[in-house]
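> Starting from the structure of chain A, add chain B with the ligands where the hints point.
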Amino acid sequence: MEFNNRRYGEVVVVAPAGRIDHASAEDFRLRLAPALEHCSEGRDRVVLDFSAVEYISSVGLRVLMLAAKQVKAQKGAIVIAAMQPVVKEIFDISRFNYVFAAFPGLREAVADLSTQALALYDAG
Amino acid sequence: MKRIRLWGTRGSIPVALTAAQVRAKIEAVLRGARGVDLGSEAAVKRHLDGLDFHQTGTYGGHSSCVEIETGGDQYVLCDLGSGVRPFGQAMMSRHGPGKPQTYNVFMSHLHWDHIMGLPFFTPAYIPGNRLVIHGCHERLREAFVRQQAEPSFPVDFSIVAKQIEFVTLEPGRPYQVAGLIVTPKKQLHAGDSYGYRFEAGGRAVVYSTDSEHKLDDPQETRAFVEFFRAADVVIFDAMYSLADAISVKADWGHSSNVVGVELCQLAGVKHLVMYHHEPAFDDAAIERVLADTRRFEEITRSAAPLKVSAAYDGMEIAL
Ligand SMILES: [Zn+2]
Ligand SMILES: [Zn+2]
Numbered sequence: 001m002e003f004n005n006r007r008y009g010e011v012v013v014v015a016p017a018g019r020i021d022h023a024s025a026e027d028f029r030l031r032l033a034p035a036l037e038h039c040s041e042g043r044d045r046v047v048l049d050f051s052a053v054e055y056i057s058s059v060g061l062r063v064l065m066l067a068a069k070q071v072k073a074q075k076g077a078i079v080i081a082a083m084q085p086v087v088k089e090i091f092d093i094s095r096f097n098y099v100f101a102a103f104p105g106l107r108e109a110v111a112d113l114s115t116q117a118l119a120l121y122d123a124g
Numbered sequence: 001m002k003r004i005r006l007w008g009t010r011g012s013i014p015v016a017l018t019a020a021q022v023r024a025k026i027e028a029v030l031r032g033a034r035g036v037d038l039g040s041e042a043a044v045k046r047h048l049d050g051l052d053f054h055q056t057g058t059y060g061g062h063s064s065c066v067e068i069e070t071g072g073d074q075y076v077l078c079d080l081g082s083g084v085r086p087f088g089q090a091m092m093s094r095h096g097p098g099k100p101q102t103y104n105v106f107m108s109h110l111h112w113d114h115i116m117g118l119p120f121f122t123p124a125y126i127p128g129n130r131l132v133i134h135g136c137h138e139r140l141r142e143a144f145v146r147q148q149a150e151p152s153f154p155v156d157f158s159i160v161a162k163q164i165e166f167v168t169l170e171p172g173r174p175y176q177v178a179g180l181i182v183t184p185k186k187q188l189h190a191g192d193s194y195g196y197r198f199e200a201g202g203r204a205v206v207y208s209t210d211s212e213h214k215l216d217d218p219q220e221t222r223a224f225v226e227f228f229r230a231a232d233v234v235i236f237d238a239m240y241s242l243a244d245a246i247s248v249k250a251d252w253g254h255s256s257n258v259v260g261v262e263l264c265q266l267a268g269v270k271h272l273v274m275y276h277h278e279p280a281f282d283d284a285a286i287e288r289v290l291a292d293t294r295r296f297e298e299i300t301r302s303a304a305p306l307k308v309s310a311a312y313d314g315m316e317i318a319l
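Chains A and B supply the protein sequences, listed in that same order. Residue numbering for the first sequence follows the numbering used here, beginning at 1 and increasing consecutively. Residue numbering for the second sequence follows the numbering used here, beginning at 1 and increasing consecutively.
One chain only, chain A, in its complex shape (with noise of 0.2 angstroms):
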């Protein structure tokens, strides 16, 4: 699975690409898992670019989990974003939409995190 990480102050883009689903499920919690350790209070905050993620399974849900607790025990701050509609209504239907704080856009999802990190992504 590619992942493709960038940054803009402490705000980290994680943007897994593909299915997340049983084959993929433990590459994606591998390369998701130095990223959610520096998410943490007065550290990085953490925002999944789910735009090129399509489709994802219970297993790739229960990742999905597993970060939202850790980075909860972290006092971290971790949100998604850009999900494609099918992926959107999978979680939603599994009730993730309770568990993460979602944004239609990346732009959102970073606005929420930090306005220095906004600051940042929009001079691009």
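One should not assume that every hint holds.
[As the list claims (entries may be wrong)] Label pairs and their in silico Cβ distance ranges:
1. B/D251 <-> A/R31: 25 to 31 angstroms
2. B/P151 <-> A/G42: 57 to 63 angstroms
3. B/I13 <-> A/S40: 50 to 56 angstroms
4. A/R31 <-> B/A318: 44 to 50 angstroms
5. B/A303 <-> A/R31: 25 to 31 angstroms
6. A/R31 <-> B/A223: 26 to 32 angstroms
7. A/S40 <-> B/R301: 39 to 45 angstroms
8. B/E220 <-> A/S51: 29 to 35 angstroms
9. B/R288 <-> A/H38: 38 to 44 angstroms
10. A/S40 <-> B/R288: 58 to 64 angstroms
11. B/T18 <-> A/R31: 47 to 53 angstroms
12. B/E142 <-> A/S51: 55 to 61 angstroms
13. B/G172 <-> A/R43: 45 to 51 angstroms
Just so you know, these hints were derived from the structure itself, not from any lab. All residues carry an ideal CB built from backbone N, CA and C; glycine is no exception.
Only chain B with the ligands this time, still in chain A's reference frame:
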């Protein structure tokens, strides 16, 4: 196997509609009927048939009990929740007290909601009837004896003991009972639970309730896919949402609609029946979960469509 009849479909504890809930249904139906010509009996029926199930019906309140009609002269049941009481009434009116019958029961586990119906199962009190209770738990008999012991029930188990036999099964082994091949499978639940796969005449039905799926072990997933493989019907514990099942309600021993669909899709199942409904859900809530689950099946489908239903007391499924 000819038919499945669901006598009790509610999880954990029986529930009943309140007067206020019944009245709210009637009010909604009357409001929707304004201006509709209901002049004939047929028009009334047609109008009701066009409404959502939750408006005119109810998913019901009895705890776990499912009948598999074999086409032979013996009866086959899964679990003895409160749903076995109306089943017993139906048997009394069909056979009366004079014609002895054999009832084969397969117990998922011994939690109260799955055993509570036996003291109210009238045929168990009638000499000549046989109740053969199969299960994989060592303390099978003890659980039934204890719930009828003083001070919890006025009629001691010894009163029905003559009519009842207990048979311990081993998971993973196929057994021949009442013309069916029955294979138990161990499931994840407090104190263990067991699913049953019933096969006969090229048909397969799986009863899999009170079963949690952790999603962290691909081998476990594969084992359930094999257990469900190409079944005509899978009756599946879909008590919680996926998010609840793997977070706040993790280790509570239940599963979700989403995992039910995924396992059935992987196994090429024809019909998923969501079962063991959360007692806190009203009829409208269960119907919303059903609509969501059907949509989920549609957007994740890669092979033949999977039919999805929400079980209700009195539901019949022809095989
Ligand atoms: Zn139960
Ligand atoms: Zn249970």
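> Determine for every hint whether it applies to the structure shown.
Okay, the hints, checked on the actual structure:
The beta-carbon spacing between B/D251 and A/R31, approximately 28 angstroms, falls within the hinted interval of 25 to 31 angstroms. Distance hint check: the CB atoms of B/P151 and A/G42 are about 59 angstroms apart, consistent with the given range 57 to 63 angstroms. The hinted range of 50 to 56 angstroms is not satisfied by B/I13 and A/S40, whose Cβ atoms lie roughly 42 angstroms apart. Between A/R31 and B/A318, the C-beta spacing of about 49 angstroms keeps the proposed range 44 to 50 angstroms intact.
Taking 25 to 31 angstroms as the suggested C-beta distance range, the pair B/A303 and A/R31 conforms, at roughly 30 angstroms. Between A/R31 and B/A223 the beta carbons are some 28 angstroms apart, a value that agrees with the proposed interval 26 to 32 angstroms. Range check, A/S40 to B/R301: about 40 angstroms between beta-carbon atoms, so the 39 to 45 angstroms window is met. For B/E220 and A/S51, the Cβ-Cβ distance of about 32 angstroms falls inside the hinted range of 29 to 35 angstroms, so the restraint holds.
A hinted range of 38 to 44 angstroms for the beta carbons of B/R288 and A/H38 is consistent with their spacing of about 39 angstroms. In this structure the supplied range 58 to 64 angstroms is violated for A/S40 paired with B/R288, their Cβ-Cβ distance being about 37 angstroms. Separation of B/T18 from A/R31 is about 51 angstroms and conforms to the stated range, judged on CB atoms against 47 to 53 angstroms. Range check, B/E142 to A/S51: Cβ separation about 57 angstroms, and the 55 to 61 angstroms hint holds.
Take B/G172 and A/R43: their Cβ atoms lie about 50 angstroms apart, and the range 45 to 51 angstroms holds.
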